[in-house]
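S.K.: Residue numbers (the UniProt record's numbering), protein chains in the order written: chain A, 1 to 298; chain B, 1 to 163.
Fair warning: there could be bad hints in the mix.
If you only want the chain A side, here are some residues facing chain B, beta carbon under 8 Å, derived [said to hold, decoys possible]:
(1) E4
(2) P16
(3) T19
(4) T20
(5) M26
(6) G29
(7) Q36
(8) R37
(9) V41
(10) P107
In short, the hints are calculated from the structure, not lab data.
The structure displayed is predicted, hence computed values, not measured ones.
All C-beta atoms in this analysis are idealised placements derived from N, C-alpha and C, irrespective of residue type, glycine included.
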Amino acid sequence: MNIEEKLRGALDVAAPPPTTTLDVVMKRGRRRVFAQRAGAVLGVVAVVAGIGIGATTLNMAGPPPTPANEPDAGPATVVHSVGWPRVNTPPQIPYGTWTPAATAPPPDGRPIVSMPRCNIQARKLALATPIGNERLPDDFVAKWIDTVRRQVPEVQVSALSPGVGRAEYAVDLADGGGTGSVRLTAGRFAGSATVYADDSLWTFGNCAPPYRTVLPDGTVIQLHDVRAAEPFQTLLQVMEVYRPDGLLLQLELANYGSKDLRPAAQQGYWERIGPGRLTPPLSEEQFARLGPAIAGEA
Amino acid sequence: MRRDEEFSEFFTSRFDWARRTAYALCGDWSQAEELAQNAFVKAYAKWPSIRRETAEAYVRTIVTRLFLDSRRRGRDRERPFADLPEHGVGGGFSDPDARLNAALLQVPPKQRAALVLRFVHDLSIEQTAAELGCSVGNVKSQTARGLATLREAYGEPVNSECV
Numbered sequence: 001m002n003i004e005e006k007l008r009g010a011l012d013v014a015a016p017p018p019t020t021t022l023d024v025v026m027k028r029g030r031r032r033v034f035a036q037r038a039g040a041v042l043g044v045v046a047v048v049a050g051i052g053i054g055a056t057t058l059n060m061a062g063p064p065p066t067p068a069n070e071p072d073a074g075p076a077t078v079v080h081s082v083g084w085p086r087v088n089t090p091p092q093i094p095y096g097t098w099t100p101a102a103t104a105p106p107p108d109g110r111p112i113v114s115m116p117r118c119n120i121q122a123r124k125l126a127l128a129t130p131i132g133n134e135r136l137p138d139d140f141v142a143k144w145i146d147t148v149r150r151q152v153p154e155v156q157v158s159a160l161s162p163g164v165g166r167a168e169y170a171v172d173l174a175d176g177g178g179t180g181s182v183r184l185t186a187g188r189f190a191g192s193a194t195v196y197a198d199d200s201l202w203t204f205g206n207c208a209p210p211y212r213t214v215l216p217d218g219t220v221i222q223l224h225d226v227r228a229a230e231p232f233q234t235l236l237q238v239m240e241v242y243r244p245d246g247l248l249l250q251l252e253l254a255n256y257g258s259k260d261l262r263p264a265a266q267q268g269y270w271e272r273i274g275p276g277r278l279t280p281p282l283s284e285e286q287f288a289r290l291g292p293a294i295a296g297e298a
Numbered sequence: 001m002r003r004d005e006e007f008s009e010f011f012t013s014r015f016d017w018a019r020r021t022a023y024a025l026c027g028d029w030s031q032a033e034e035l036a037q038n039a040f041v042k043a044y045a046k047w048p049s050i051r052r053e054t055a056e057a058y059v060r061t062i063v064t065r066l067f068l069d070s071r072r073r074g075r076d077r078e079r080p081f082a083d084l085p086e087h088g089v090g091g092g093f094s095d096p097d098a099r100l101n102a103a104l105l106q107v108p109p110k111q112r113a114a115l116v117l118r119f120v121h122d123l124s125i126e127q128t129a130a131e132l133g134c135s136v137g138n139v140k141s142q143t144a145r146g147l148a149t150l151r152e153a154y155g156e157p158v159n160s161e162c163v
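Put together the whole structure using the sequences plus the hints.
M.R.: This is the structure in structure tokens:
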């Protein structure tokens, strides 16, 4: 018999009785099944937690998101077009994103802007004369229109738009992109220009603090970000000029012009009938030129 | 529970066979019992995915790999002995089996596993390669070297089959 044949009988040896019972094997087997399932669950939890932590870390490591209403914020190497610093204060926390109302949506084909929405905070300090109640002399308004023409020669500036009896003065601004407008209103304050400007940081619902510059004579000029509004996804941008003589001038840039308005049934109000142009008629830099220019108007 | 009933039937019929297979590999009834028990515990955990007709081969593969793993880790590393022990452990070797088993223990573990699968379980080279997780060529060389070592340890010239 060769050794291979001897090996074939290797299982047929005298053996002691087994000590392992079925009960022991099944108990250990069940524990193993439980451990495997627990391990799988823990593995999934660990992976999910890892993804969450990783995503959070990456989000925090990245640059802060650029607000959609700061289209020219650009990379750090590009000089910002306005050139004024923002007021050094924390931004507001958005409560949502702009969504046009179903009853007055933008025209077909116009993309919906993505803008964060923040609370509109009312002034705490009362104005001596509320905005819109201060009538400006005709020659002041005329000078202002001249100033607009000189400061933004890139656009066509219309004559004073017909009013509706209120203390507001608007001109159309037109270029190849369509017609928008800028509207001047005024009020009066009694006290420090800076204090009143500080009181108006969030009165237009912007999330980022406004740009601000202070002229040598003490005039404080404050430029808020573009914001979306109803109807038709209107785009508005406000600049406030707090003069040391207590005159508050407010310029509101809009993406609609006089042809998009008609007098409303209620005396003294306008009614929007057209959506206006896609973008504001002036860039932030162009709009910002108007502030210092009007500050010195007599 | 159907799972437990099927496994119970399988355990009852094949545990002793698995224990003897383990004994052929390790030469110790205590370790053989442990190897067989661990193999059946693993089989129980995987029982729903094991086909009944392959369950035997599945347990044999686990026993073989557990044995090789224990030798690779160095745990319970065996020391081959030239003289037969005076008495076996938990049953030990009894003549005439003792001489062959003692010789088998002097064969290195991987070669021993190849010999046990090829000749004790009468598996083909391909089946042995599958159970050991190695190539056919590796099985051939391990078997040839194992047989040479076994013959030398056994101490008598014997005829050999082709591997």
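S.K.: Would the hint on A/R37 stand, with a C-beta cut-off of 8 Å toward chain B?
M.R.: violated, 10 Å
S.K.: Hint check: is the beta carbon of A/T19 less than 8 Å from a beta carbon of chain B?
M.R.: holds, 6 Å
S.K.: Please verify that hint: A/Q36, Cβ, nearest Cβ of chain B, below 8 Å or not.
M.R.: Since chain B brings a Cβ to about 6 Å from A/Q36, closer than 8 Å, the hint holds.
S.K.: Holds or violated: is the Cβ of A/G29 closer than 8 Å to a Cβ in chain B?
M.R.: holds, 3 Å
S.K.: Identify whether the interface hint at A/T20 stands, where standing means a beta carbon of chain B within less than 8 Å of its own.
M.R.: holds, 5 Å
S.K.: Does the CB of A/P107 sit less than 8 Å away from some CB of chain B?
M.R.: Given a least distance of 62 Å, the restraint on A/P107 is violated.
S.K.: Have a go at the A/M26 hint: is there a Cβ in chain B nearer than 8 Å to its own Cβ?
M.R.: Constraint on A/M26 satisfied, holds at 6 Å.
S.K.: Using the nearest Cβ pair, does A/V41 come within less than 8 Å of chain B?
M.R.: Hint violated; A/V41 Cβ to chain B Cβ min 16 Å, cut 8 Å.
S.K.: Double-check A/E4 for me: the hint is only fine if its C-beta lies closer than 8 Å to a C-beta in chain B.
M.R.: holds, 5 Å
S.K.: Per the CB criterion, is A/P16 less than 8 Å away from chain B?
M.R.: This interface hint holds because 3 Å falls under the 8 Å limit.
Hint violations for this structure: numbers 8, 9, 10, all remaining hints satisfied.
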